[in-house]
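Asker: Sequence:
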Amino acid sequence: MANTKGFTLVELMVTLAVLAILVTLSIPTFNDFRQRSALRGAADQVVSFIGDARFEALRRNSDVKIGFVTNPSGAFCIGAATTTVPGDDASCDCFTAGSCDVSAYPDDQAQWKGVRFPSLPTIGNDDTDASGVIVIDPKRANLTEAGDVGRISLQSPTGSQDYRVDVVVDRNGRATACQPAAAPSKLSDYQDRGC
1 MANTKGFTLV ELMVTLAVLA ILVTLSIPTF NDFRQRSALR GAADQVVSFI
51 GDARFEALRR NSDVKIGFVT NPSGAFCIGA ATTTVPGDDA SCDCFTAGSC
101 DVSAYPDDQA QWKGVRFPSL PTIGNDDTDA SGVIVIDPKR ANLTEAGDVG
151 RISLQSPTGS QDYRVDVVVD RNGRATACQP AAAPSKLSDY QDRGC
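Quick note on full-length UniProt numbering: the sequence shown kicks off at 1 and runs consecutively.
These are calculated hints, taken from the structure and not from any lab test. For every residue, glycine included, the Cβ atom is placed at its ideal position computed from N, Cα and C. Hints are supplied without guarantee of correctness; some may be wrong.
[Unchecked claim] Using C-beta positions, here's what the derived DEER-type ranges look like:
#, residue 1, residue 2, range
1, Phe30, Arg60, 35 to 45 Å
2, Thr8, Asp108, 29 to 39 Å
3, Asp108, Gln191, 53 to 63 Å
4, Asp189, Phe30, 32 to 42 Å
5, Arg171, Val18, 29 to 39 Å
6, Phe30, Asp101, 36 to 46 Å
[Unchecked claim] Below, in silico cross-link-like pairs of lysine to aspartate or glutamate (EDC-like), each with a Cα-Cα straight-line distance of 20 Å or less:
#, residue 1, residue 2
7, Lys113, Asp162
8, Lys139, Asp162
9, Lys113, Asp170
10, Lys139, Asp44
11, Lys186, Asp52
12, Lys5, Asp107
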């Protein structure tokens, strides 16, 4: 008999069974990773957007308002536009292309990767209510109204965990991402960034 080399059917079946078990065990870990990654990316995008709008206020030497807008279907966006009114509480319509003359995000809701706003933003909190709009002063890149400080809460996509990150805007117009103390699930890289 010729000496042939190869795998037997039993060896292939055992290999496939072990591979199937490993894939099954890794799916929850992958979904959890996807949730955390999407939330971090969205928080970084909001922080970056506010930083870019501050830069545009300085560059254009004009007040720039930043607004967080939600529509009845639950979609949300961020828009930035120039304004001549330091206390402007009207957000530009970031759902309509060209409405925000500085910038708008996202172009498509899929860019949020399932991240949600669990509550309305508390920024723009003047004497009446939170408008979701802040105005950046072009001279110092801070808020035109110090009382407009607040936060934007972000929630991870639906999955096995419920992660939360807040983007806090201070009176200097700086945005930072932090983990609220009451977050149901904790992100390990936000342990020292509580709010």
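Asker: Which hint numbers does the structure go against, in order from smallest to largest?
Answerer: 2, 3, 4, 5, 8, 9, 10, 11 and 12
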